[in-house]
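**Student:** Take a look at the letters that make up each chain.
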Amino acid sequence: MGRWVATIVSIGLVGATLAPVLRAPDDDGFPLSTFPMFATPRPAQVAMSYARGVTRDGRVRVLSPDHLGTGEVLQAFALIQRAVDRGESARLALCTAIAARVAADAADAADAADADVVEIRLVAGMHDAVDYLAHGAVGREVTWASCDVPRSSRSR
Amino acid sequence: MGELRCAAELAQPMSRVARWWFAPAPPERLAALRIAIGGFAVLWMIARLPEVVSVARLPAAVFAPVGVIRVLGAPLPMIAVAAIAVATVGLLVAFTAGLGYRVTAPLAAIGLLWTLAYRSSWGMVFHTDNLLVLHVIALALAPAADAWTIRRGAPARAAPAAGYGWAIKLLAAITCAAYLLAGIAKLRLAGLSWLDGGQLRNQIAVDNLRKALLGGTVAPLARFLVSHPDGLAVCSLLTMGIELGAPLALLGGRFARIWAWGAWGFHAGVVLAMNVWFPYPLAGVAFLPLIEAEHLVGWPARWWRSRGMRAARAR
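First to last, the sequence lines map onto chains F and W. As numbered in the working numbering, residues 12 to 167 make up the first sequence, in order. As numbered in the working numbering, residues 87 to 401 make up the second sequence, in order.
Calculated directly from the structure, the hints in this document are not laboratory data. Since the structure is predicted, the reported quantities are computational estimates derived from the model, not experimental observations. Cβ coordinates follow ideal geometry from the N, Cα and C atoms, glycine included. Treat the hints loosely; a few may be bogus.
To be verified - According to the in silico footprint, chain W covers these stretches of chain F (three or more CB under 8 angstroms from chain W):
| no. | segment |
| --- | --- |
| 1 | 39 to 46 |
| 2 | 49 to 60 |
| 3 | 150 to 162 |
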């Protein structure tokens, strides 16, 4: 390989890596990124949506990202926010899909952590993140959608 | 006469930059980077396979293509996603071994770019993958298989006219550019207020709140740091110093080593505060272009040889 080719490859790749600086900082891409993670100013007050499992005796369970069809927390977060933004039918569709995965888990293993979950709720919560972590203070919660976990395929 | 002097004055720093960029390096150093980065890519792809297949089953409504995936109007069938991912693992193995490099290396880079961009096309861009993909692309365009390959009995290749040092500098420059961009993004989005520690406290709190509500694991130091935010201003300053100071690592030597340890420490801190893992830098692979990587990567082979020699002497 000659020096000219090496120079073109070098300038091209370093230039491409740095090029996102010319875009809006929150205009992310892959693999050429502005790397905006943890850069956007955040208030401690957070409004976000998430899914909850409710047991027969009314206890509330945190569900795992696997129930959303992904192993990643942030991808689960994005999936829920997107469904919530799309309206009632999308919320219900997501709720039903989660319920089906919970039912499948329970059918696979009767001692699964979510085996006693009978209802799924998509919830909008408003929390103070600092208070929640430092003092365990839970904010306000409102239910967007709820659906039953299908019982026919569930182990009891 | 004046114009000539002006051109000569301009050419001087350019030739100094060129001398630095093209400073000679042994082919083993670039080969060591191929093995380390390629080996990491193989393991990373294998570890991500179940997730790649799992997101391919998500409804088309949540498909949000990024990068090269924008050429698709709709998600691919799951079997196609899985086949590309598995083929990419095979190509990356050949890439790492230096087998058929001129063909397998570009194909491996394309496969890795495609598969990881597909993974990021469901509403969440995974910043853990960017640097790995850029490094594999850079290696695929470099003469990185002129040493330490498994091509037994193949005739030794003549060294390329441009040498090997430029490709190592390129990998190091890409690492530094990524960190520099992260620092610039903080300044552009939050300004100097990012430095007072309050922003970092909120980032830690919000990120861990999401984990708590979405079934993830809260980071071990999160509750402590949020309750005792006094030291977070120092952490903010250090973070910004490491990110904006990344280009200094290109000076090499002690600068590069200090920066690499600082950046590694920053990632370890992110794990403790947010439980956010960047395995590529945490494994140290992202920083290998900044050191004489052949000593570290070649160590297992040297140990194996010396063990054999000791055994032969004992006999």
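**Student:** Work down the list of hints and note, for each, if the structure agrees.
**Tutor:** Consistency of the hints with the structure:
1. 39 to 46: It holds, with 8 qualifying residues against the three required.
2. 49 to 60: holds (count 9)
3. 150 to 162: violated (count 0)
Consistency with the previously given hints fails for number 3 only.
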